[in-house]
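Make a model of the complete structure from these sequences and hints.
These protein sequences, in sequence, are chains A and B.
FYI, the numbering for the first sequence is 1 to 106, going by this note's numbering.
FYI, the numbering for the second sequence is 1 to 259, going by this note's numbering.
Incorrect hints may have been included.
Derived coverage of chain A by chain B (criterion: at least 3 residues anywhere in the stretch with Cβ under 8 Å from a Cβ of chain B; other residues may be distant) [stated by the list, open to error]:
| # | region |
| --- | --- |
| 1 | 5-17 |
| 2 | 64-70 |
Residues from chain A shown here face chain B by an in silico Cβ test under 8 Å; the list is partial [what the hints assert, rightly or not]:
| # | residue |
| --- | --- |
| 3 | Ser25 |
| 4 | Arg33 |
| 5 | Ile37 |
None of these hints come from the bench; they were simulated from the model.
Cβ coordinates follow ideal geometry from the N, Cα and C atoms, glycine included.
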Amino acid sequence: MARALINVPAQAKRGEIIAIKTLISHTMETGFRHTSIGATIPRDIITTFTCTYNGEEVFRAELFPALAANPFITFTTIATGSGTLVFNWTGDNGFTATESSTITVE
Amino acid sequence: MMRWAQRSVLAALVLSATASSAQIPQSELRSGYADLGRDTKAMQDEDTTNPGMLWALDGEALWKAKAGNAERSCADCHGDAKQSMKGVSARYPAFEGVLGRPVNLDQRINLCRAQQQQARPFNYESKELLALSTYIGLQSRGEKLNPPSDPRMQPSLNAGKELFSRRIGQLNLSCAQCHDDNWGKKLAGNNVPQGHPNGYPLYRLEWQSLGSLQRRLRNCMIGMRAEPYEYGSTEYVDLEVYLTSRARGLPVETPAVRP
Numbered sequence: 001m002a003r004a005l006i007n008v009p010a011q012a013k014r015g016e017i018i019a020i021k022t023l024i025s026h027t028m029e030t031g032f033r034h035t036s037i038g039a040t041i042p043r044d045i046i047t048t049f050t051c052t053y054n055g056e057e058v059f060r061a062e063l064f065p066a067l068a069a070n071p072f073i074t075f076t077t078i079a080t081g082s083g084t085l086v087f088n089w090t091g092d093n094g095f096t097a098t099e100s101s102t103i104t105v106e
Numbered sequence: 001m002m003r004w005a006q007r008s009v010l011a012a013l014v015l016s017a018t019a020s021s022a023q024i025p026q027s028e029l030r031s032g033y034a035d036l037g038r039d040t041k042a043m044q045d046e047d048t049t050n051p052g053m054l055w056a057l058d059g060e061a062l063w064k065a066k067a068g069n070a071e072r073s074c075a076d077c078h079g080d081a082k083q084s085m086k087g088v089s090a091r092y093p094a095f096e097g098v099l100g101r102p103v104n105l106d107q108r109i110n111l112c113r114a115q116q117q118q119a120r121p122f123n124y125e126s127k128e129l130l131a132l133s134t135y136i137g138l139q140s141r142g143e144k145l146n147p148p149s150d151p152r153m154q155p156s157l158n159a160g161k162e163l164f165s166r167r168i169g170q171l172n173l174s175c176a177q178c179h180d181d182n183w184g185k186k187l188a189g190n191n192v193p194q195g196h197p198n199g200y201p202l203y204r205l206e207w208q209s210l211g212s213l214q215r216r217l218r219n220c221m222i223g224m225r226a227e228p229y230e231y232g233s234t235e236y237v238d239l240e241v242y243l244t245s246r247a248r249g250l251p252v253e254t255p256a257v258r259p
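Here you go:
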């Protein structure tokens, strides 16, 4: 199972810009490398990352083979209300991972 | 071509002129952390951005998982790692009575697996072994490296010191020529660090992965165009014993982040 680390501020003021940091374990195998006997190592990457905030999508990223292993994605959004942020990564070979985090907005 | 040859001769002269191999005094010890860029420091400083913590999470799960014919987990004997493993990695490698030689933390974990859990030892640099040693190392974060002053480890310490200052490889370099005599200077665009083991296992951006001190030593040896030792070899452990004694007093940073 993929491990993920999420950093969302526990509390924020309404209208405040909050920084969100996410880190997930993944090899991000490019598909361009070969083994010592010349066989291609098949591509195995995360292709999509999304973040929904109380059901509304606030961030989406498409990932490509040039990204380093264990992708670290950070972005900002506006604290609109208390609730849950759900993070979802999907990728090759049916890879999928979901994490969530709660925030209290005053 | 001629120019290159002249320059190499010059470089060799400079190196030999400064070759003194004096051990770095305690007051000048400097963790590799001090040479990091701002971004890499920030990455290491916060647990949610430090990729090494992904291994620590795996290690925590392994610590609690039952394994082997004995059906025992690490936690069944050692309890909560936060208490029982605090300070442990700061005093490894340590002397192992039955084997009659020092063992590093990875070897200690594997001895436990073989003897107490009756399980197959992990391979060196396997995800499992790195995860466990990271998790155990993490419990000593901030503690000062405190290698045991065990007289039985003296032969290993001496051997490590000798290896550190022995010229090897096609470049005919020793560890000491860079890390004792020329730390703080530049090798191409990179800082030459003092070469301390206080952050291992660490996440190296170049590796895009976490690796052990032995992997780093192997890297250095390949750089010197010398033949690396086998993982777990006596030579590496001797070097680890010497490196730890050389860095005595530096805080453990496991899992550190390095470029």
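Interface restraint verdict for serine 25 of chain A against chain B (beta-carbon cut-off 8 Å): 4 Å, holds
Does the interface hint hold: is arginine 33 of chain A within less than 8 Å of chain B, judged Cβ to Cβ? 12 Å, violated
Verdict on chain B covering the region 5-17 of chain A, criterion of 3 CB contacts below 8 Å: It holds, with 3 qualifying residues against the three required.
Just to make sure I understand the rule, a stretch counts as covered if three or more of its residues have a C-beta closer than 8 Å to a C-beta of the chain. Does the region 64-70 of chain A meet that for chain B? holds (count 3)
For the hint on isoleucine 37 of chain A, just tell me whether its beta-carbon gets within less than 8 Å of chain B. 21 Å, violated
Hint check: violations occur at hints 4 and 5; the rest are consistent with the structure.
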